[in-house]
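A.B. asks: Sequence lines, in order, name chains A and B. Take the first sequence: its letters are residues 1158 to 1350, numbered as in my numbering. Take the second sequence: its letters are residues 25 to 385, numbered as in my numbering.
All clues stand as given, with none of them false.
Listed next, the stretches of chain A that the computed footprint assigns to chain B, with coverage defined by at least 3 CB atoms under 8 Å from CB atoms of chain B: (1) 1301-1308; (2) 1320-1330.
A few chain B residues that don't get close to chain A, going by computed Cβ distances all over 12 Å: (3) T86; (4) L189; (5) G191; (6) S197; (7) I228; (8) T243; (9) L304; (10) P335; (11) P345; (12) S366; (13) V367.
These aren't lab readings, by the way, just hints derived from the structure by calculation. Ideal Cβ positions, reconstructed from N, Cα and C, are used throughout, including at glycine.
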Amino acid sequence: MRPQSSWVHVGWITALLTVAVGIGLAVGLPGRAHEGAEVSAYPTTVAPGETLFVEGADINPNGPIALFLEGVKGKFRLGQVRGDEDGGFKTSVALPPDLPPGTYLLVAVGANGEKATFSVTVAAAVSSLTQEPREPTDALMELDRSRSSEEWAFLAVVIGLSLLLGAWLARPERMVAPASPSASAAEPDGSGP
Amino acid sequence: MEAQKTVMQSRRRRLWEALDERLGLSALRYPVPAHANTLGYMLGGITLFGFLILIATGIYLTQFYNPDPSQAHDSVVYLVEQTTFGDLVRSIHYWTANLVVVTVLLHLLRIFFAGAYKRPREANWLVGLALLAITIGFVFTGTVLKWDQEAYEAMLHNMAFSELLGGIGSWFSPSFTLSVPMLTRLYAVHIAVLPALFLILIAIHLMLVKYHGISPLPTLNARAGTWGKEGTGRFSAHLRRMVGYGLWLLALAGVLALLWPAPLGYPPVPGAEVTKPPWLFLWLYAFENWVGTAGLLWPPLVLFLLLALVPFLDRSPYLAPRKRPVTVTLGVVLLLFLVGLSVYVALTPPVSHIQGQGMGG
Chain A
1158 MRPQSSWVHV GWITALLTVA VGIGLAVGLP GRAHEGAEVS AYPTTVAPGE
1208 TLFVEGADIN PNGPIALFLE GVKGKFRLGQ VRGDEDGGFK TSVALPPDLP
1258 PGTYLLVAVG ANGEKATFSV TVAAAVSSLT QEPREPTDAL MELDRSRSSE
1308 EWAFLAVVIG LSLLLGAWLA RPERMVAPAS PSASAAEPDG SGP
Chain B
25 MEAQKTVMQS RRRRLWEALD ERLGLSALRY PVPAHANTLG YMLGGITLFG
75 FLILIATGIY LTQFYNPDPS QAHDSVVYLV EQTTFGDLVR SIHYWTANLV
125 VVTVLLHLLR IFFAGAYKRP REANWLVGLA LLAITIGFVF TGTVLKWDQE
175 AYEAMLHNMA FSELLGGIGS WFSPSFTLSV PMLTRLYAVH IAVLPALFLI
225 LIAIHLMLVK YHGISPLPTL NARAGTWGKE GTGRFSAHLR RMVGYGLWLL
275 ALAGVLALLW PAPLGYPPVP GAEVTKPPWL FLWLYAFENW VGTAGLLWPP
325 LVLFLLLALV PFLDRSPYLA PRKRPVTVTL GVVLLLFLVG LSVYVALTPP
375 VSHIQGQGMG G
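Could you build all of it, start to finish, from the sequences and the hints given here?
C.D. replies: Put into structure tokens, the structure is as follows:
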């Protein structure tokens, strides 16, 4: 009977947690999404050299706000505007004509540290296959593979833990004589399949 | 002290019984003979653990990889150079994939030499072959995704292969749809189609292993038709050892990732064929040298057909290799032939098979 009663408790606790998390998500998240710094741009897909219309809110009241695009090819500064008394702004910026195509984050960051982002796609003017006329090669790229201390720690943990835990788990089975006829069927150590 | 241990064991047993009653975990269990806990009989389990590593690392990589042909290579460079753990996770993914191919092939060889494909396990042998084909599909599509010169040339071979297949091959060709580039579609195959097929087949594979039990040791008098319904080992200990070996696979992939990070070539340039395929496909490259692109289709088709027919051609009732000299000798000759071809291709300069074709992904 004991396992059954403990399972009822587990069931109730899980149900209460589920309801609590559900209420939290329903009430909290939409509220947060509409609070704080915001930035948006139009159009969301734009070609290099074209104009992007940018609008921000609640970033830096009466202070400077820097605008830039951040993508896999690096950061491209678009300019600086001044926030109104509510920290908002409306402006248009010309994108650099040599901006590489790709997906970027438009970042608006105030001098006060308040920051907002918006996703912008810069259309490919030409395919990457034809951008750089050169000979095909089987050579490998020299990439910057310097590792941070977190990465070294991650690798050490992955290798060390896998080796040690693996050695412990892969140890040979201890041969123990079954205590009763039903023992072997019921997994005597209780550790399951 | 003894009383405390008994209480602990009793609690663990109660927990196990409560879980088992609700989840039916004991239904997964199968009899474990002593030899099932040896490395050779755990290669399938180790491979499955390797696939779990590939799924975990693959999910991380999808957060940074962009399958648009104009962005794909840049996104891999970004992943390697600018993201935390990106290079390490990609390298562990790369090395685990290579190690999984090794364990899959060793698993197949163990089954072949132990005669474990014989009655009643013929169907599971065929399911295993389908899983091998899916593994090869994973390696091929994974090679294309990095979108360097080697990847681009692999894509051209994909096109040539689709032409060889005629009408059936249209799904593999860029003309199938104009709205999605071929690279993006192969990405979908790599992260959705192949994993779905893999999950279905691995479920059947494991169900049949449980149904038939572990195949017997190929001792001199061992015969086909034996069900593995007896075993003194505990299933929990069997699984534990399997996970242990799987973790060693992860450790090995980690060490290899540290010593030789996953390579990346330069962005692709259409024109001459200057790279060689990954080692798994080297033997095919030799056929392509001899007979052109038709070498991409017929040799693997014949090889898979031969492997599929093995349980039906080898009618010997015995499992021991010594009592199946013809099958085993043919298998060894075929194996040496494929290894020899691969070594030959690895040592010779690359040859251009597909010229004058270009595509944007």
